[in-house]
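Undergrad: Each chain, letter by letter, is given below.
Number of protein chains: 2
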Amino acid sequence: MSDIFKRHIAKFAEVNDKEFSKILTFFQVQKVKKKENLLVEGHICTTNYFVLKGCLRKFFVNTKGVEQTTEFAIENWWITDLVAYEHKLPSEFYIQAVENAEVLSIENSTEATLLSEFPVMERYFRFIYQRAYAASQMRMKYLYDLSKEEFYHHLNDHYPEFVQRIPQYLIASYLGFTPEYLSEIRAKRRS
Amino acid sequence: MSDIFKRHIAKFAEVNDKEFSKILTFFQVQKVKKKENLLVEGHICTTNYFVLKGCLRKFFVNTKGVEQTTEFAIENWWITDLVAYEHKLPSEFYIQAVENAEVLSIENSTEATLLSEFPVMERYFRFIYQRAYAASQMRMKYLYDLSKEEFYHHLNDHYPEFVQRIPQYLIASYLGFTPEYLSEIRAKRRS
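In the order they appear, the protein sequences are chains A and B. The first sequence begins at 1304 in my numbering and counts up one residue at a time. The second sequence begins at 1304 in my numbering and counts up one residue at a time.
I should point out that these hints are in silico values taken from the structure, not numbers from a laboratory. A quick note: this is a predicted structure, and the numbers were derived from the prediction, not measured. One or more of the hints may lead you astray.
Stated by the list, open to error - Using 27 Å as the maximum straight-line C-alpha spacing, the simulated DSS-like pairs for lysine-lysine come out as follows:
(1) A:K1451 x B:K1451
(2) A:K1321 x A:K1356
(3) A:K1367 x B:K1491
(4) B:K1325 x B:K1356
(5) B:K1367 x B:K1338
(6) A:K1491 x B:K1314
(7) A:K1451 x B:K1367
Said to hold, decoys possible - According to the in silico footprint, chain A covers these stretches of chain B (three or more CB under 8 Å from chain A):
(8) 1357-1366
(9) 1369-1378
(10) 1436-1442
(11) 1445-1455
Claimed, not checked - Label-pair restraints from in silico Cβ distances:
(12) B:S1450 x A:W1380: 27 to 33 Å
(13) A:I1307 x B:P1470: 44 to 50 Å
(14) A:H1461 x B:Q1471: 33 to 39 Å
(15) B:R1489 x A:E1389: 31 to 37 Å
(16) B:N1365 x A:H1390: 42 to 48 Å
(17) B:E1339 x A:H1461: 43 to 49 Å
Virtual Cβ for every residue (Gly too), placed ideally from N, Cα, C.
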């Protein structure tokens, strides 16, 4: 199962089998049940997660008491509350399994040791964060430029498997509208 | 003037004077006049900018023909269209000087050489992108959670010098409302 992580590292950095075996010892493999929380609002966030299998989401509970999803992570994605993780602060978010999942987890302090012993992993994480930031720059543009309905169609056109895979009420929560409104949009497009 | 860059690197990575002198040779110092464009929509984006002095902004022209600002960069900030920069693609954005500015610029291909000759810079850029992505995660939360008016007050409370420094019509463009509406909000708060 850790092969998926090995292949992911190999996309960005050169790590041989022996090094990879050592790198892997810095991580824990964790199974998470659907709806189980890996992070709860108000708790100190010390862990970063790499999804081996399944799907996680990050959300916060807004002032109206509604869960607002801000991020999904499927296979090969990292997910944490990055501000809280770097500074070991209480988080404003939840991280929860959307499907039964298997993740690699690493603690903040362990990551520091990993990076000092395997500087090649600086390159790996540089790429991870560079691409994540690049994606968020584009998402910001869509948030300004597209209506919610257009953003849904954009997702559907560019990431059809993702939209199929995620329960519709969570897609609605990510887009910031009600499940009923999402049904309407979908019906409109089909007709 | 390059001292500001040296101090910025020192925050995240260990680089001695001799190394820094060599690292600096990978960059160009560039003076930019207020309103001058460093990047134009449709042009291939090959350059990444570090602001030594002054202020830049990134914007796109939306479907209504209105400039929508998505990002500012003041001293110690990097700015580019990261998707286009990594893949050498035509950009969907403009990067323009808000004030007369001085920047360090590096070309994509030069950055690759820099990173292979000075792997310590992988650590530096890992931190840059990690923090930028962390900030964008929080911004995403505010975009979902706060009204435009609340977001303005949040900016004003947390970054008063920034709000003072940037022309009001650009703050309005960043927040996605008209300068007139911003004046109303400001008047309301004063009263």
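Undergrad: None of the hints should be skipped; say for each whether it holds.
TA: So, going through the hints one by one against the coordinates:
no. : hint                          : in the structure
1   : A:K1451 x B:K1451             : holds, 16 Å
2   : A:K1321 x A:K1356             : holds, 24 Å
3   : A:K1367 x B:K1491             : holds, 25 Å
4   : B:K1325 x B:K1356             : holds, 22 Å
5   : B:K1367 x B:K1338             : holds, 21 Å
6   : A:K1491 x B:K1314             : violated, 53 Å
7   : A:K1451 x B:K1367             : holds, 17 Å
8   : 1357-1366                     : holds (count 3)
9   : 1369-1378                     : holds (count 3)
10  : 1436-1442                     : holds (count 7)
11  : 1445-1455                     : holds (count 3)
12  : B:S1450 x A:W1380: 27 to 33 Å : holds, 30 Å
13  : A:I1307 x B:P1470: 44 to 50 Å : holds, 49 Å
14  : A:H1461 x B:Q1471: 33 to 39 Å : holds, 36 Å
15  : B:R1489 x A:E1389: 31 to 37 Å : holds, 34 Å
16  : B:N1365 x A:H1390: 42 to 48 Å : violated, 35 Å
17  : B:E1339 x A:H1461: 43 to 49 Å : violated, 34 Å
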